[in-house]
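Undergrad: Chains as they are written, first to last, in our numbering: chain V, 1 to 306; chain D, 1 to 222; chain E, 1 to 93.
It should be emphasised that the hints constitute simulated quantities derived from the structure, not laboratory data. Hints are not guaranteed to be accurate.
[What the hints assert, rightly or not] Between beta-carbon pairs, the in silico distance windows are:
{"#": "1", "chain 1": "V", "residue 1": "Ala298", "chain 2": "D", "residue 2": "Pro188", "range": "44 to 50 Å"}
{"#": "2", "chain 1": "V", "residue 1": "Thr255", "chain 2": "D", "residue 2": "Ile60", "range": "55 to 61 Å"}
{"#": "3", "chain 1": "D", "residue 1": "Ala121", "chain 2": "E", "residue 2": "Pro73", "range": "53 to 59 Å"}
Glycine included, C-beta positions come from ideal geometry on N, C-alpha and C.
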Amino acid sequence: MSTFEALIAAQDRVEPRDEMPGDYRATLVRQIAQHAHSEIIGMQPEGDWITRAPSLRRKAILLAKVQDEAGHGLYLYAAAETLGVDRDDLLEALHTGRQKYSSIFNYPSLTWADVAAIGWLVDGAAIVNQVPLGRCSYGPYARAMVRICKEESFHQRQGFESLLTMSRGTPAQHAMAQDAVDRWWWPSLMMFGPPDAESPHSARSTAWGIKRFSNDTLRQRFVDLAVPQAEALGLTLPDPDLRWDEERGSWDFGTIDFTELREVVSGNGPCNEVRIGRRVAAHEDGAWVREAAAAYAAKQGTRGAA
Amino acid sequence: MSSSSEVDTGMVLALADDALVASHRLSEWIARAPSIEEDVALANIALDLLGQARLLYALIGDEDELAYRRPAGAFRNAVMLERPNGDFGATIARLLLLAAHQHALYSSLAAADGDLGAIAAKAVKEVSYHRDHARAWTVRLGDGTEESHRRMQDGLDAEWAVWGELAPTQEAVDWATAVITQATLRVPGPVLAVERQEHTADLDELLSTMREVTAVHPGATW
Amino acid sequence: MSDGSLLWEVFVRPRRGLAHTHVGSIHAADAELALRNARDVYTRRGEGVSIWVVPSGAVTASSPDEQDSFFEPAGDKVYRHPTFYEVPDELQL
């Protein structure tokens, strides 16, 4: 048994300088980078509402939340870099479409209530997905996830609180909240990925201790958490097939239209071009600033020992 | 603690409006900054300024009433802060001059007793960091590449020309001058203190963006 | 690197009395910016009272290959631990 196999068998952590199979390394780079890209692209749908937030309190909350997403992207890029890749290359892969980000961010945020629905549902789903990653086999990824989950608990709570306020507000506010939930519910369920039977990398990731629970298990966990929360919000979920299954002790839900997910993942989502276009523009517009910082450091001899 | 009757309402409004309007423009950089680290940094500064505005508004009234339902003509912010963002050099130039001014002003107010003194004492620590952030970038852009030098100088010239509206103290001018010199940039000239100017259509645009949601939901709470 | 930034390892002292602990890494063109970036990224919630940044390339680390020769020899020196010794409980040694 190799050292790597022994570590995995003992559910111990793999650390950056350990020997690891090339596929393990490649899988982690792909997953961590996609996760980091999702945080960075995820700044956009909500970030667009910072200037339009309807109260100064909500504005401060949203500004702090979007800032956290940038921070989380940076934690994750740092974790990916421990695997021997360069952040520049990862950003390049994002910009050219070689690496993906979560397709959820290719849906538009049409109203202020979308910010709340994203917090409640998208961050809620993300937390269900991410908490087990805090125990994944690769140390730097697990540590980043622990930190991120701790910080993200406020993200979901602020979304819930904001939706609750709207749901109990004027009829127009209530309608806006319901409309946002109607639009974000199914995409949130798709965040857990394809059904287990069609999930190409799942078995290997599970064997390697990267994945602790299957897509369908986590999706069910999320539905079971969300249904009573929706009721407390006084909002309905757009699924006529939702019903309590006494035997399973879980909520049954309708069939997910994964054709739509595949469309969105393959780049035909409503906002794919907008999101990447804006990200690339920011990067290109900022090139002169990054060049200036490097030139200044070279002149000053302050670049450190590296 | 001072009661609101002892507070110079006009001065507090000017401080708060400056902070709110500057915060709004900085927050427009989110997801557009030259690096992700700078997204985080500018968001931090925008949050600090928003926090200052909220504390100051609370001294004289209801923050959302003052921010969302006051006519544009009643805003006391300097026109330089409502102008749309230019490139990163222009934003850094504006931040350099705003933070230099705020640092001097909050430092003097921090000596006072009462709520305003306490707010100012907290704000001094925040704007010290903003000032330092702007200094760090002014020096790097000024003494970086030919392009960055040109852009930083352009931004500085444009912002310096209207800085007088904030009536910066001599201390603030001296501090900014030292940074500009260190950055191998040209000090644009003397700063002429002028009265706060008439607002422009830029403030109308800013406020209509800010009020896009509240305008269609009158009387709603959020 | 194409964007001219370097990688820096970040260490944060959570509060006085505790040592600096490694929290992650950060990109910056120079040390002064690295310190500021580390502050903004790793201490947004009051996680620290002091920060160190060190160029990642300046860290010399032991190799996992050396793990056995480095660390196993310490494993059997049980006499370094106080529990190795039989002494009367009541004397509170």
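Undergrad: So, for every hint listed, does it hold in this structure?
TA: Checked hints:
1. Range check, Ala298 (chain V) to Pro188 (chain D): Cβ separation about 28 Å, and the 44 to 50 Å hint is violated.
2. The hinted window of 55 to 61 Å between Thr255 (chain V) and Ile60 (chain D) holds, with their beta carbons roughly 57 Å apart.
3. At roughly 57 Å, the beta-carbon separation of Ala121 (chain D) and Pro73 (chain E) lies within the given 53 to 59 Å, and the hint holds.
In summary, the structure is inconsistent with hint 1 from the numbered list given earlier, while agreeing with all the others.
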